[in-house]
Amino acid sequence: MLQFTINLLIMASIAAIVASSLNLLIGYTGVFSIAHAIFYGVGAYATALVSLHWGSSLLLALVVALVSSGVLSVLLALPAARVTGEYFVVVSLAFALVASTVFAQWTPVTGGPAGLVGISRATLFGIGLNSNESYLVLSLALLALVTVILYVLIRHTPLGRSLQALRDDPLAAQALGKNPFRLRLTAVVISAALASTGGVVYAGYIAFVNADGFGEQGGVLFMAMVILGGAGTLSGPIIGAFFITLFPALLEFADLPSQAKGPLEQIIYGAALVLLMLVRPSGIAGIFSALSPGHWRRARAVAGADAGRQPVTGVPVPGEYTPTGGAA
Amino acid sequence: MTSPMLELTGVKKSFGGNHVIPGLDLTLNAGEVTALIGPNGAGKTTIFNLITGFLRPDEGQVVYKGENLHGVTPEGIFRKGLVRTFQEVRVFGGITVLENVLVGREHGFRSWRATKRNTAAAMETLQLVGLDRKVHVMARDLSYAEQKFLSLARVLASDAELLLLDEPTSGLDGRSLDLVTALIPRLHEMGRTVLIIEHNLDVVRSIAERIVFLESGRVIATGTGDELFARQDLADIYFGGGVQ
Amino acid sequence: MLALQLLVNGIAVGALYALAAVGVALIFWTTRVFHIAHGATYLIAAYTFVSLHGNSVLLALVGSTLAAAVFGWGMNKFVYRPIQRSRESFFTLFVASFGTLIIVANVISLWAGSGPKALPPPFGRVQIGFLQVTWVAIIAIVVAVVFLLGLQFFLEKTETGVGLRAMADDVELVDLLGLNRRRYATVALILGSVLVVPAAILTTYVQGLTPQAGLRIATIALIVSIAGGVGSLAGAVVSAILLGVVENVSTLYVNASWGTAVGFSVLLAILVFRPSGVIPRPSAT
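Protein chains in written order, with the numbering used here: chain A, 1 to 328; chain B, 1 to 244; chain C, 1 to 285.
In case anyone wonders, no lab produced these hints; they're calculated from the structure.
Quantities reported herein were computed from a predicted structural model and do not represent experimental measurements.
Don't take each hint at face value.
[Stated by the list, open to error] Here are the computed distance ranges between Cβ atoms for each label pair:
#, chain 1, residue 1, chain 2, residue 2, range
1, C, V70, A, F4, 40 to 46 Å
2, B, G66, C, T160, 55 to 61 Å
3, B, G66, A, L145, 46 to 52 Å
[Stated by the list, open to error] One-sided excerpt, in silico: chain A residues whose CB lies under 8 Å from chain C:
#, residue
4, L78
5, I227
6, P263
The beta-carbon is built from N, C-alpha and C at its ideal position, and this holds for glycine as well.
Please model the complete structure; the sequences and the hints are all you need to start from.
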């Protein structure tokens with residue numbers, strides 16, 4: 001029972017790392033991506049390859065994961081330069097489908113459908129993190145670190161202010177000298193790099209990596225965590241990640257045929273998404289903000305009227321300058 | 001006489017065969033407050049969009065301090081020292097009043113180490129528009145008039161030399177109106193050049209050194225307030241047949 | 001010779017994608033929703049057909065058409081319209097649409113199992129010159145052409161069709177002209193959903209059917225209609241066929257499992273370099 005709980009908490013923390021990173025895009029930049037599981041996957045595969053070829057150093061795995069996912073994310077950011085808002089959602093979905101094919105089929109590197117096995121637990125400063133408890137500490141510490149980085153970035157840096165300005169009103173941000181393409185690119189790279197650290201923990205913990213969960217299905221799940229928890233708040237994605245990871249665990253105790261559990265889980269969170277969109281699109285954190293006004297005031301930063309104020313068109317009209325960042 | 005700060009020559013713009021700006025020449029001199037007036041649909045906001053790079057002229061050119069702005073992006077034009085407001089309030093609702101103002105001052109990595117200085121400058125501007133007691137309020141929680149002031153504060157706090165203000169007084173009355181009206185001459189004193197679109201003719205008369213009268217995208221008269229307000233033909237156009 | 005064969009197959013597959021994509025495009029014009037629940041419509045139509053076709057093919061056809069139409073109508077009435085009434089953002093609508101797809105796909109896998117379903121290939125092949133073409137491919141092309149021409153006729157010759165096209169240009173214009181947006185949204189949802197029925201049935205004959213096919217086909221329909229140029233049906237059809245052809249012809253060079261990824265990469269590249277689409281509409285303003 002204790003191991004069961006520890007396992008759940010590790011998985012929830014990993015999910016929270018990825019969801020918080022994604023929130024930098026969805027909640028603070030106004031870039032709606034469903035492709036974020038890719039970078040989680042890149043982190044996991046990078047860790048697996050480092051472990052298999054170069055040893056178990058955690059820091060080395062982190063560096064390789066950060067760099068490779070950051071570089072790859074530029075590919076996703078390129079369309080984000082030209083295609084904004086609503087259109088980008090679809091682009092990111094297509095991107096996720098391409099990436100899941102690459103994960104599953106690029107056998108020489110990813111091991112193909114069979115995946116990569118024999119990943120060792122990480123070592124940090126010469127100490128092997130062999131127990132599950134140590135991985136729980138690692139995942140919680142990393143979650144705390146990612147949250148602090150995001151907090152400082154969003155609240156206390158010019159970059160954070162610029163991203164939120166771009167989110168709230170791309171045209172006005174441009175009129176004040178902001179380059180939308182460069183800002184979106186920066187946000188995508190930072191967000192992807194942070195998300196990959198979740199994959200580093202995952203690969204070492206599970207000791208096995210294959211394409212499952214890193215494609216469009218996983219991407220939807222992370223998006224759901226951000227949306228359900230509340231985009232544009234620091235706590236929202238963490239709440240959403242714990243909710244979506246822990247809630248299905250309750251089904252473990254219900255007396256159900258095992259092949260019904262997967263679909264049932266999915267139905268529950270699908271229904272939660274639809275109902276929440278119908279009732280309160282600002283997410284679970286938004287519900288708290290309604291209970292204690294002022295305290296969670298940033299909860300409503302994205303959902304609702306503000307996001308709706310963005311220009312309707314995202315694809316530029318030839319010959320006109322549009323806020324997408326590239327001259328047509 | 002020095003060369004003009006901003007010069008538009010032969011600028012044309014049409015939308016779907018509709019010649020909104022059939023050919024426009026306009027010059028702004030450094031340090032002047034110029035008002036752009038004219039009936040609705042005269043193309044005033046389109047001119048702002050053409051100057052600030054949000055639209056591209058079909059023909060003609062926009063020259064700022066001797067430099068042709070053709071093909072420069074809106075953010076590039078800002079960095080050359082032109083800043084604009086929009087007719088509708090466009091505050092960044094999800095960040096605070098202070099953060100809104102900082103956004104216009106912070107560019108590039110160097111600004112990461114200048115937060116203190118930028119904050120001081122932003123506070124000074126906010127004081128000027130009377131928002132210094134609300135610096136940590138979310139911009140979306142401000143009243144309409146306050147949001148209007150904030151939009152002004154944002155462009156004032158930037159170091160731009162040429163300010164394009166699109167109807168800064170629309171929707172304001174009483175004290176708020178007076179505040180904005182009093183503010184513009186002070187900009188002038190600070191040595192900034194102002195081009196303002198304004199419907200309130202009392203405001204125009206009290207602040208503008210030069211008035212450009214537009215109709216259907218053409219300049220049909222230029223002069224001081226006293227010169228233009230005396231002309232009945234312009235009043236007829238402005239008020240639609242002299243109903244006044 | 002193989003290349004030519006693959007080209008024909010590609011056109012057939014692309015023609016089916018086109019049927020799914022024009023529905024998505026129609027729905028986007030009128031509701032401004034990325035109707036990813038189109039994938040759910042596809043699943044509902046295909047599974048209804050599979051479960052009824054043992055009784056009678058005609059019954060199965062009618063049943064799946066009705067089911068698709070009712071689902072499309074209900075989506076608009078019970079999900080999109082209530083959300084739009086509270087003036088929510090496009091992302092809210094998209095998430096709700098996505099949630100619906102997740103629910104439908106998983107209810108189906110609870111009910112019918114998550115494994116693949118197949119229909120017996122009904123007609124075999126025909127020899128045309130050097131080419132061996134399956135009858136299903138020929139039927140797919142013919143059906144797609146008939147439906148697309150019918151849609152074109154509807155959009156140009158009927159009052160409702162002309163109204164729908166006007167909405168592609170500018171929603172606000174439509175309000176100005178006094179066209180009834182709500183009615184058009186209903187028409188587009190039903191029409192678009194019915195258009196996906198032939199695609200669902202024929203694709204099931206060719207490729208079989210799993211609950212995961214819904215997300216795949218909806219993504220294809222969405223990316224194709226955007227890459228084609230929003231508002232341009234011709235663009236959607238062209239990029240759908242391009243996707244089908246690239247998917248198939250690329251198997252000459254790479255493993256077949258890379259097909260869709262290669263096709264999507266081509267469409268993504270088009271979006272980066274030609275963001276207004278394959279066939280952009282002339283701008284209205």
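Review point. Honestly, which of those hints from before does the structure not fit?
Key: none
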